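Next come the chains, spelled out residue by residue.
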Amino acid sequence: MFSETPDIVPFGTSSRRELLTQTQLDTLQGGTLRLLDEVGVRFPSRRALELFAEHGARVDWEEEIVRIPPDLVRDAMSTAPRSFVLGGREERFDLLLDGCHSYVATDGTGVHVVDLETRRIRASCKEDVAMMARVCDALPMVSFFWPPVGAQDYGATAPLHQCHAGLTNTLKHVRGGMTVPPRLAPYVVEMATAVAGGAGALRKRPPVCANFCTIAPMSQDGDSIDNALMYAEAGIPMSFMAMPTMGSTAPATPLGALVMGDAEVVSGMVLVQLAFPGAPVIHSNLVSLMHPRTGGYVADVPIPTGWISVQMAHAWGVPSLGGGSLSVGSPEVGWSAGLDSGIGALTIPLYGGEICGDLGLTGGSMILYPELIILQHEACCFAYELLEGFEFDEADMALDVIAEVGPRGHFLSQKHTRKHIRDFRLPPAEGADGLPRDPQEAALEEFKRLHETHRPRPLPDEVLAELDRILAAADRESEGMG
Amino acid sequence: MTTADYFEKLAQAVIVGEPEQAEELARTALAQGLDALECIDRGLTVGMKRVGELFATGEYFLPDLIIGADAMKAALAVLEPALLDNQQRDVLGRVVLGTVEGDIHDIGKTLVGTMLTANGFEVMDIGFDRPAGEFVAAVEETNATLVGASTLLTTTMQQQKKIIEELTSAGLRDQVKVMVGGAPTAQAWADEIGADGYAVDAIGAVALARRLVGAEPSPGIDD
Ligand code: B12
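For the protein sequence lines, the chains are X and Y, in the order given.
Position 319 of the first sequence, counting from 1, maps to 326 under my numbering, and the rest follow consecutively.
Position 135 of the second sequence, counting from 1, maps to 591 under my numbering, and the rest follow consecutively.
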């Protein structure tokens, strides 16, 4: 017997606000164009340099830096699609990236796990990814599965195993194309093709997307760029993600980090558009701060860089990955995690990024606390009900009921009360007896329940066999690589 | 300016973090016939120590520390070549530091380097995405006594092991102590691959390096 996977629930746009004015956005975009034209971006990839040169960018072959004239940037970006689909196993799990929906995603790829049973921190493994995929499959507000941790029980092919654990344990879209040596990237395409049911189907509803980090300041990773071109050719959508850290890899002002990250991301998207016009690309610019004393990575500073990033992505006419984020800075699940989660959930519909949320990890995307996903999912449900769930029905004023009770009576015995008292969803951190419980304890119990009982529908046997064959081939090739 | 004024000014250039000024002062000091070693010991080192104190008390932030260390390095570049044959700058140890092959995360490694420099070590930073062989070559070239290998990716952790193996085959393993660090690493990993130590952050890296070279415990760092 298999479990039913509930429909996914994205946020809508009714609470969306713009922070910057059009003039301010134009100023930022002007800054990006100037950086691309004057400073340039390093592309350590022969193929990329040649493509840029062919299209009239100025290439410094020795330094591997390309300087892209503004018109070339604008022309290339005009071929990037504003909306497209990320596919799930069934159409009801498809994500339509069109600016009218914000889909909640998991965070990735952490390295430690707080073990479900021993409660000790240990290195993550493939089974952890599978466990999270199954539990997320049961949570309606999680629409996009990024393997939250690495499959450290596999060597160089770990990212392929993460992708596999995702595809075989949830019906939702999987961000399976992480950085691998370029020789292994074709296996990601093969897995995606097998699950989609052919190359044509993959183009229409790709079950896998990819992510490539740019390297601040103003640089790209050679392997990532080669993989990006390979994926674009196959029709796998990809995000370019800048992670400028104010004070270390970026200027110590939010606008400086934003404009620099934007230039990095746009340079990657321009390349892909020059090579494959119309290829689906996603903009992602995650600004962080270097801790002024420890140098540590601080992702949750109360400045609206996530908000502005969404606007900047949309100004280029592409979807945004990033926006409201529940990402937890502290390593523990405590007050600070609660604050990050609660406020983060509310900012999702406010900022309106297409893919956002970053659920499930603590310690700056390092540690998987299994029960955190339950708590953060609850925070998202709360925000959703608050901002999107309310329906105005005049009859609900219940004037007749008030009249019937009249001054100084009570509503306890009203049929209206009996009917509507069921409308409310109570906080789950509460025992059956209605007494409050420790929310983390309750969440852990719920996590274990889902982990034990939720069994998403498997892929057809022949697809599973094909995936095994692909993985085995990749593992062999990687061993051959030494 | 008296000799003492020069030392004071050199120390100040480090404390306020003025690399150009420190370099210029070092040049004029030498031109005036001052002793290079004294300029280092009574000027730069005093300044760097003060920067360390201000950082420890929370008055200085990381960038203050880094720019202070840069000022010291700028002046050292002028003063060291002027040391007499029998003179040697007092360093706690010489460290070859880098991020392993396949990994481009370099901020943590750079911070470790700065903290080690600020605390009396001489650091040769070989950069990021560096094959094991380059660590070995750098040790041969500099006669280093310490090696620091950084990695943030689980997929590149094995490279730390490879560095130790290559140091062994080059016959250099007994000459150096190997420190490992970076997010996915841990003491258990260090033990497993036969490294001499692991530290969770840059302050810990200084304490570790001091311990490995047998330096006296230093208050504020070794507690
Ligand atoms: C910033 C960042 C980047 C930047 C790096 C910029 C740069 N110039 O360094 C960019 C965006 C380029 C980047 C790229 C990638 N990243 Co990254 N990155 C991070 C992030 C968010 C912060 C790292 C950081 O700078 N921390 C701040 C510094 C000060 O801390 P630190 O590095 O830990 O160093 C301290 C200690 O570890 C220790 N230490 C460090 N080295 C040493 C050495 C010695 C000898 C000692 C004693 C101590 C020591 O002291 C340091 C100072 O206190 C981490 C997550 C995290 N929270 O750590 C992910 C993270 C490390 N990255 C990750 C990934 C996956 C990648 C990419 C593969 C992504 C991609 N798909 O393209 C690429 C890597 C490409 C490659 N070939 O290397 C993963 C790794 C997961 C895994 N399973 O291994 C992490 C954990 C994020 C995540 N959860 O997904 N990344």
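Please keep in mind that the hints were generated in silico from the structure rather than gathered at the bench.
Bear in mind the structure is a predicted one, so any value in this text is a computation, not a measurement.
Treat the hints loosely; a few may be bogus.
Here are the simulated EDC-like pairs of lysine to aspartate or glutamate, each with C-alpha atoms no more than 20 Å apart in a straight line [what the hints assert, rightly or not]:
1. Y:Lys529 x Y:Glu494
2. Y:Lys618 x X:Glu97
3. Y:Lys618 x Y:Glu596
4. Y:Lys617 x Y:Glu672
5. Y:Lys617 x X:Asp160
6. Y:Lys617 x X:Glu71
7. X:Lys211 x X:Glu97
8. Y:Lys505 x Y:Glu464
9. Y:Lys505 x Y:Glu479
10. Y:Lys505 x Y:Asp461
11. Y:Lys618 x X:Asp160
Checked hints:
{"no.": "1", "hint": "Y:Lys529 x Y:Glu494", "in the structure": "holds, 16 Å"}
{"no.": "2", "hint": "Y:Lys618 x X:Glu97", "in the structure": "violated, 46 Å"}
{"no.": "3", "hint": "Y:Lys618 x Y:Glu596", "in the structure": "holds, 17 Å"}
{"no.": "4", "hint": "Y:Lys617 x Y:Glu672", "in the structure": "violated, 29 Å"}
{"no.": "5", "hint": "Y:Lys617 x X:Asp160", "in the structure": "holds, 17 Å"}
{"no.": "6", "hint": "Y:Lys617 x X:Glu71", "in the structure": "violated, 32 Å"}
{"no.": "7", "hint": "X:Lys211 x X:Glu97", "in the structure": "holds, 13 Å"}
{"no.": "8", "hint": "Y:Lys505 x Y:Glu464", "in the structure": "holds, 13 Å"}
{"no.": "9", "hint": "Y:Lys505 x Y:Glu479", "in the structure": "holds, 18 Å"}
{"no.": "10", "hint": "Y:Lys505 x Y:Asp461", "in the structure": "holds, 18 Å"}
{"no.": "11", "hint": "Y:Lys618 x X:Asp160", "in the structure": "holds, 19 Å"}
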